[in-house]
Amino acid sequence: MLSIKNLHASIEDKEILKGINLEVKAGEVHAIMGPNGAGKSTLSSIIAGNENYEVTQGEINLEGEDISELAPEERAHKGVFLSFQYPVEIPGVSVTNFMKTSINETRKANGQEEMPANEMLKLIREKSELLEIDRKFLSRSLNEGFSGGEKKRNEIFQMAMLNPKLAILDETDSGLDIDALRIVANGVNKLKSKDNAVIVITHYQRLLEYIVPDFVHVLYDGKIVKSGGKELALELEEKGYDWIKQEQEA
Amino acid sequence: MELKEKLIASFMAFEENVDVNADLHDIRTSAIKNFETKGFPTKKEESWKYTSLNTILKNDFSVFPKKDNAIEFKDVKKFFLNDVDTYKVIFIDGIFSSYLSSTTHDGLDVCLMSSALTKPKYKMIIDTFFNQVASKEESLTTLNTAFANEGAYINIPKSKVVEKPIEIIYFSTGNEAALMVQPRNLIIVGENAHVQIIERHQSLNENPVLTNSVTEIFAQKRAIVDYYKIQNDLQSSNLVDNTYIAQKQESRVAVHTFSFGGNITRNNLNFYHQGERIDSTLKGITIIGDKQHVDHYTLVQHATPNCESHQNYKTILNDSSTGVFNGKIFVEKEAQKTDAFQQNNNILLSDKATINAKPQLEIFADDVKCSHGCTIGQLDENAMFYMQQRGIPKKEAKALLMYAFTSEVTSSIKIPELKIKIAKIIATKLGVNLGFDL
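Going down the list, the sequences are from chains A and B. Numbered per full-length UniProt numbering, the first sequence spans residues 1 to 250. Numbered per full-length UniProt numbering, the second sequence spans residues 1 to 438.
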């Protein structure tokens, strides 16, 4: 699914990623953990194509195709989805209208007809039920005045609508209370299949109790310094990130 | 002959040709004298610092259209608010078109300034209201007063809620090589009355036009006035819009100005408070490109206690276009508990576009709430990335973001058909089809 090789990236001449290697196969869930400032959000942003970062070396392959030169929307059309840590507010554009535009632009790019209105409505109904979203919520301006939890739930709703091949959840657990966390995790788990993959980026182990990863990677100072199974997350929770830092600096 | 001389020379002939009473004659004569002394405004004046009329004034404008020009409805249908029944007061090259209009005297007056100015039955109203709030100092306003003859006359009696919006449209055919028109509108909205008005100036071909328009609006106690100005003209057209509004207690007046096209557009929008608990709203969206120029010059004169004013102007400038926002809020000593708000946000899409923004607050009362905010920026890159990440291409994402930027203004349009029309014009300006009705 996703194969990242020796990825180096910088912003304003400051190197943030210093040689990332990562293999994610279809059907897998990977967690990327690490202390603040390790480069976790940068990595997710770069996979999604944020043009503020410059990729100086390496490759990002999606299903065998190098996507590192593609625009963000082109990557989205190929099935990359990023759930934002800080979703942006768009006043005057309802959640429903935003999703219609998003879905139909994606279909257009893939040579498909626009989704018929009744099909769209059915999809919206189904996915809003999955995320336990009130229908009234869908006619509100996108993210405007939403609470932190509502924004995150709305991100996963959009993910459900778009049904991506590769979903990257960037700190989706932050700002969620325990009930919302369960709803969001349940949504993600229901969307998981043998054909797609999920990367969960998180600082804490909490979310991983609900979305159980197959692999856990520790990102520190722009590199993956440790990889393991789900038990690595527990170890990090127990020991904190200091032992990683000490190990690296030793 | 320069335009100023031409106008002064033609004043005598103009006065001889129209049948006016002595009072009106005196008003016009002192108005032309004021214009003669002051002339056209220049950049030397503080209030015209960023807008020069020099290049326009070089045109050899006809100041009186030669004949009655006819146009077919089908050719101008798109400039009307279709899908909804409206009263219409329509002018072609400054002359009333009965064919395109739909006026009334049934329970309210929606008709012509020329009849109001000359027919005896309107004399009392004209004496009470005409030229009472319009400036007697500002040169272009007095120029208009000197030639005031035709325009819309609207009088809504007490407690009348006008069900249909009123459209006032001034068409220029371009049959003249260059045309100057000076429409004069008088609008009186009685106690507890409610009216919605749409005003538009539209050229039909590329011959230069200069419109110097004056509108006086009187909102009596608890009257509600929703006024919309659509400025989406050709790039050969120039507009100086002078609007003066006098509000009595508890009245609510909102003016929305949509500036999407024209060569030079100057909006002088003035609100005067004459009672307590008045509410004034001034909102605008400007979206221009090429070398177009739009200047919003607003004044809210808070003279009485417990009144509110809300201003919100959004500007998007592309290419080498220039924008000006000068918002003056004046709070007199007596105007305690004033709540005055002013917001002006500008987006520059090109390195060559320029905005001059100048909030001016003069406050002489000590117990007031006044706030103003002004931003100038480019489109938010995070928001762009967010939308692109959801598969929306750059161009559409940009348009959606600009639409979102203007939504604080479009959201308060009270006529649904107009809201759709404005959204469509915005989408066209932004060059996109967003796939849903905004």
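Think of the hints as simulated: they come from the structure by calculation, not from any bench. Every residue, glycine too, gets a C-beta built ideally from N, C-alpha and C. Careful, some of the hints might be misleading.
Stated by the list, open to error - Cβ pair distances, simulated, as ranges:
hint, chain 1, residue 1, chain 2, residue 2, range
1, A, Gln-246, B, Glu-408, 36 to 42 Å
2, B, Cys-374, A, Glu-114, 56 to 62 Å
3, A, Ser-147, B, Glu-381, 21 to 27 Å
4, B, Asp-339, A, Lys-192, 41 to 47 Å
5, B, Gln-378, A, Ala-71, 28 to 34 Å
Stated by the list, open to error - DSSO-like mimics (lysine-lysine), calculated; alpha carbons at most 30 Å apart, straight line:
hint, chain 1, residue 1, chain 2, residue 2
6, A, Lys-136, B, Lys-414
7, A, Lys-122, B, Lys-49
8, A, Lys-108, B, Lys-33
9, B, Lys-4, A, Lys-122
10, B, Lys-4, A, Lys-100
11, A, Lys-151, B, Lys-123
12, B, Lys-419, A, Lys-122
13, B, Lys-78, B, Lys-328
14, B, Lys-4, B, Lys-49
15, B, Lys-419, A, Lys-5
16, B, Lys-123, B, Lys-291
17, A, Lys-100, B, Lys-333
18, A, Lys-100, B, Lys-394
19, A, Lys-100, B, Lys-398
20, B, Lys-66, B, Lys-158
21, B, Lys-44, A, Lys-136
22, B, Lys-328, A, Lys-78
23, A, Lys-100, B, Lys-429
24, B, Lys-123, A, Lys-108
25, A, Lys-165, B, Lys-398
26, B, Lys-352, B, Lys-328
27, B, Lys-419, A, Lys-151
28, B, Lys-395, A, Lys-108
29, B, Lys-419, A, Lys-108
What the hints assert, rightly or not - The following residues of chain B were derived to be distant from chain A, with all beta-carbon distances above 12 Å:
hint, residue
30, Asn-17
31, Asn-21
32, Thr-37
33, Thr-128
34, Thr-281
35, Ser-320
36, Asp-351
37, Asn-382
38, Lys-394
### Task
Please test the hint of 41 to 47 Å on the beta carbon pair from Asp-339(B) and Lys-192(A).
Between Asp-339(B) and Lys-192(A), where Cβ atoms are some 54 Å apart, the hint is violated.
#### Entry: Distance restraint between Lys-419(B) and Lys-122(A), which requires alpha-carbon spacing of 30 Å or less
The hint holds at about 29 Å.
### Query
Taking the closest pair, is the beta carbon of Asn-382(B) still more than 12 Å from chain A?
Violated, because the least Cβ-Cβ distance between Asn-382(B) and chain A comes to about 6 Å, which does not exceed 12 Å.
### Task
Check the non-interface label on Thr-128(B): least C-beta distance to chain A beyond 12 Å or not.
The assertion about Thr-128(B) holds, with a minimum of 42 Å to chain A.
### Message
Given the hinted pair Lys-100(A) and Lys-333(B), is their Cα-Cα distance within 30 Å?
### Response
Measuring from Cα to Cα gives roughly 53 Å; hence the hint is violated.
### Pairwise hint evaluation, Lys-33(B) against Lys-108(A), where the allowed Cα distance is 30 Å at most
65 Å, violated
### Query
Taking the closest pair, is the beta carbon of Ser-320(B) still more than 12 Å from chain A?
26 Å, holds
### Task
Would you check the hint for Lys-4(B) and Lys-122(A), treating anything up to 30 Å between C-alpha atoms as holding?
67 Å, violated
### Query
Given the hint that Lys-395(B) pairs with Lys-108(A), does the C-alpha gap stay at or below 30 Å?
15 Å, holds
### Query
Do the beta carbons of Cys-374(B) and Glu-114(A) sit within 56 to 62 Å of each other?
41 Å, violated
### Task
Would you check the hint for Lys-151(A) and Lys-123(B), treating anything up to 30 Å between C-alpha atoms as holding?
With Cα atoms ~62 Å apart, Lys-151(A) and Lys-123(B) exceed 30 Å; violated.
### Query
Could one say that the CB atoms of Ser-147(A) and Glu-381(B) fall in the range 21 to 27 Å?
25 Å, holds
Figure legend: structure checked against the earlier numbered hints; hints not met, in rising order: 1, 2, 4, 5, 7, 8, 9, 10, 11, 13, 15, 16, 17, 20, 21, 22, 24, 37, 38.
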